[in-house]
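Student: Produce the entire structure from the sequences given, and follow the hints as far as they go.
Letter by letter, the chains look like this.
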Amino acid sequence: MKTLVQPLVFKSINLKTFFALLGCILFSLNTTTAQTNPTITSTNEITVKGLVVNEDGPLPGVNILLKGTKTGTVTDMEGTFTFPVKLKVNDVLVFQYIGYTTQEIIIKADSSFLKIELMPDLVEILGALDVDKPYKSKRKNKN
Amino acid sequence: MKLVPVILFFIFVFQANAQRNDFANINFDKADAIALKYKGEELYNLNSLVEKLTEHLSTDVERFRAIYMWVCTNISNDYNLYTKNSRKRNRYLNDPILLETWNNEFKKEIFKKLIENKQTICTGYAYLVKEMANIANIECEIVHGYGKTSTMNLDNITAPNHSWNAVKLNDKWYLCDPTWASGLIDPDTFQFKFDFKDGLFLPSPDLFVMNHYPIDEKWMLLDNNKPTFDMFLQSPLIYNRAYANLSTHIFPLEMYNIIKRDETIAFKYKLSKTIELAEVVLMIDDGNTTVEVKPLKTRLNDDLLTVEHQFDKKGFYDVHLLINNDLISTYTFRVKS
Chain X
1 MKTLVQPLVF
11 KSINLKTFFA
21 LLGCILFSLN
31 TTTAQTNPTI
41 TSTNEITVKG
51 LVVNEDGPLP
61 GVNILLKGTK
71 TGTVTDMEGT
81 FTFPVKLKVN
91 DVLVFQYIGY
101 TTQEIIIKAD
111 SSFLKIELMP
121 DLVEILGALD
131 VDKPYKSKRK
141 NKN
Chain G
1 MKLVPVILFF
11 IFVFQANAQR
21 NDFANINFDK
31 ADAIALKYKG
41 EELYNLNSLV
51 EKLTEHLSTD
61 VERFRAIYMW
71 VCTNISNDYN
81 LYTKNSRKRN
91 RYLNDPILLE
101 TWNNEFKKEI
111 FKKLIENKQT
121 ICTGYAYLVK
131 EMANIANIEC
141 EIVHGYGKTS
151 TMNLDNITAP
161 NHSWNAVKLN
171 DKWYLCDPTW
181 ASGLIDPDTF
191 QFKFDFKDGL
201 FLPSPDLFVM
211 NHYPIDEKWM
221 LLDNNKPTFD
231 MFLQSPLIYN
241 RAYANLSTHI
251 FPLEMYNIIK
261 RDETIAFKYK
271 LSKTIELAEV
281 VLMIDDGNTT
291 VEVKPLKTRL
301 NDDLLTVEHQ
311 FDKKGFYDVH
321 LLINNDLIST
331 YTFRVKS
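Protein chains in written order, with our numbering: chain X, 1 to 143; chain G, 1 to 337.
These are calculated hints, taken from the structure and not from any lab test.
Check each hint, because a few of them may be wrong.
[Unchecked claim] Label pairs and their in silico Cβ distance ranges:
id, chain 1, residue 1, chain 2, residue 2, range
1, X, T101, G, N80, 25 to 31 Å
2, G, S58, X, K88, 30 to 36 Å
3, G, Y92, X, N90, 43 to 49 Å
[To be verified] The calculated lysine-lysine pairs, modelled on BS3-like cross-linking and capped at a C-alpha distance of 30 Å, are:
id, chain 1, residue 1, chain 2, residue 2
4, X, K133, G, K88
5, G, K52, X, K88
6, X, K70, G, K313
7, G, K314, X, K136
8, G, K118, G, K107
9, G, K268, X, K133
10, G, K118, X, K133
11, G, K39, G, K112
12, X, K67, G, K172
13, G, K218, G, K294
14, G, K172, X, K136
15, G, K294, X, K138
16, G, K52, G, K113
17, G, K88, G, K193
18, G, K313, X, K138
19, G, K113, X, K115
20, G, K294, X, K70
21, X, K115, X, K88
22, G, K336, X, K138
23, G, K30, G, K52
24, X, K115, G, K107
25, X, K86, X, K115
26, G, K88, X, K136
[Claimed, not checked] If you want the footprint, here are the derived chain G segments under chain X, 3+ residues with CB under 8 Å:
id, stretch
27, 21 to 35
28, 40 to 53
29, 102 to 108
Where a beta carbon is used, it is the ideal one built from N, C-alpha and C, also for glycine.
Tutor: As structure tokens, then:
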């Protein structure tokens with residue numbers, strides 16, 4: 001019997017009420033997630049360390065920049081780094097290395113250690129050289 | 001009322017040609033001086049290099065200019081890398097799997113050499129310009145295609161061999177070629193020497209397409225009169241010094257020409273700077289000797305240069321146009337009786 005009644009109830013709810021309810025549900029979800037990490041939202045600061053690798057292993061010399069700022073660092077000979085300032089949830093770190101696709105990482109509450117694998121950029125390698133020498137026709141037999 | 005067609009003409013011209021004179025009011029001296037100031041900087045920290053190059057410049061075109069100028073005057077062309085790559089690419093031309101394997105292997109070598117030695121080949125230049133421009137929030141792309149130079153077998157350009165850049169400034173795309181702007185390879189010793197050619201910075205697209213044919217034709221940046229690949233192969237050979245002198249190459253349309261003895265041939269160009277007619281010279285090679293001659297007639301009509309010449313002996317001639325000792329273009333003439 002219950003199964004028959006339920007569809008009737010939904011029908012009687014108009015669109016406005018539906019969206020209002022949806023809003024309430026989403027809002028409550030949002031607050032519950034925030035509540036699960038009270039320590040992070042209150043302190044706002046995470047020390048981020050990490051390791052950057054490529055397909056062969058640790059990658060030294062990778063540029064790491066806090067997006068929208070001039071603050072950054074570079075990975076050491078072992079491919080590891082400690083970001084020089086404390087970061088907040090939703091800060092974005094940009095990992096950039098010549099020959100590899102730039103990666104952006106959004107900092108989360110549990111981002112105190114990041115392991116990043118950079119992927120090689122898909123580029124075809126071509127090269128034609130410029131010379132300052134006049135063109136010379138190839139002649140079968142000289143006049 | 002006479003003004004209306006003039007204004008329409010200018011609107012048309014500026015829309016049709018996204019080129020350097022769009023920025024005629026901007027002086028690049030400051031950007032160039034900044035690039036020079038940081039000569040010799042390393043590539044290990046690209047973010048900070050880009051910041052140093054761009055932080056004191058107020059327009060995107062100047063910021064891009066400083067990056068481009070720095071790349072052109074600090075990165076050298078490696079002839080050994082070039083020959084190694086073209087040999088392998090030709091060998092694997094019809095084998096996509098081996099070509100890809102080679103490319104992936106070679107890519108690592110290229111980028112390592114770029115970072116450690118600041119040496120590379122075209123794609124490395126184009127790649128670096130794009131990466132650095134992107135760090136400065138300037139939209140920039142690598143364009144792959146066919147480049148045409150005097151030492152190539154012009155009848156046999158079968159595979160893409162060159163890379164350059166397209167850059168978006170003030171919502172409009174422009175072209176540039178950092179590799180060829182940076183310098184030259186000595187044809188005898190194969191040593192690279194820096195020799196900055198300013199003309200390849202935001203050149204006129206219809207001149208650029210004469211020695212840069214992109215795989216994707218949208219990067220010609222031409223709305224109409226897009227040449228076909230065959231037209232590109234058959235068009236006259238232009239040299240990179242042409243960009244400092246011409247904005248358009250009008251005539252002859254083809255590299256190989258057949259004419260009659262004493263027939264008048266006309267060469268037409270639109271100039272990008274003021275020249276003296278006395279600076280216009282033809283260098284003619286009949287297979288045995290090369291002589292410099294004054295053309296029969298030269299005429300200047302505003303920025304339109306017309307050169308006329310005749311041959312009084314039959315034969316086969318390579319004809320090079322020079323303006324103020326800059327090698328501009330080459331044609332061949334078979335002269336019949």
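Student: Holds or violated: G/K52 and X/K88, Cα atoms, limit 30 Å.
Tutor: 27 Å, holds
Student: X/K115 and X/K88 were given as a pair; does the straight-line alpha-carbon distance stay at or below 30 Å?
Tutor: 18 Å, holds
Student: How does the stretch 40 to 53 of chain G fare against chain X when you require at least three residues with a CB closer than 8 Å, holds or violated?
Tutor: holds (count 7)
Student: Taking 30 Å as the top limit, are the C-alpha atoms of G/K30 and G/K52 close enough?
Tutor: Roughly 13 Å separates the two Cα atoms, so the pair holds.
Student: Taking only the CA atoms, is the gap from X/K86 to X/K115 under or equal to 30 Å?
Tutor: Judged against 30 Å, a Cα distance of about 18 Å means the pair holds.
Student: Keeping to a limit of 30 Å between CA atoms, is the pair of G/K172 and X/K136 held or broken?
Tutor: Distance ~38 Å between G/K172 and X/K136 Cα, so the pair is violated.
Student: For the pair supplied as a hint, G/K336 and X/K138, confirm whether the alpha-carbon distance does not exceed 30 Å.
Tutor: Distance ~19 Å between G/K336 and X/K138 Cα, so the pair holds.
Student: Is the straight-line distance between the alpha-carbon of X/K133 and that of G/K88 30 Å or less?
Tutor: 25 Å, holds
Student: Just to be careful, I want the Cα atoms of G/K218 and G/K294 compared with a cutoff of 30 Å; is the pair within it?
Tutor: 40 Å, violated
Student: What's the verdict on G/K88 and G/K193, does the C-alpha distance respect the 30 Å limit or exceed it?
Tutor: 25 Å, holds
Student: Holds or violated: G/K314 and X/K136, Cα atoms, limit 30 Å.
Tutor: Distance ~18 Å between G/K314 and X/K136 Cα, so the pair holds.
Student: Taken at face value, is the distance from the CA of X/K133 to the CA of G/K118 at most 30 Å?
Tutor: Between G/K118 and X/K133 the Cα gap is close to 26 Å, so the pair holds against 30 Å.
The structure fails to meet hints 6, 13, 14, 20, 27 from the earlier list, while all remaining hints are met.
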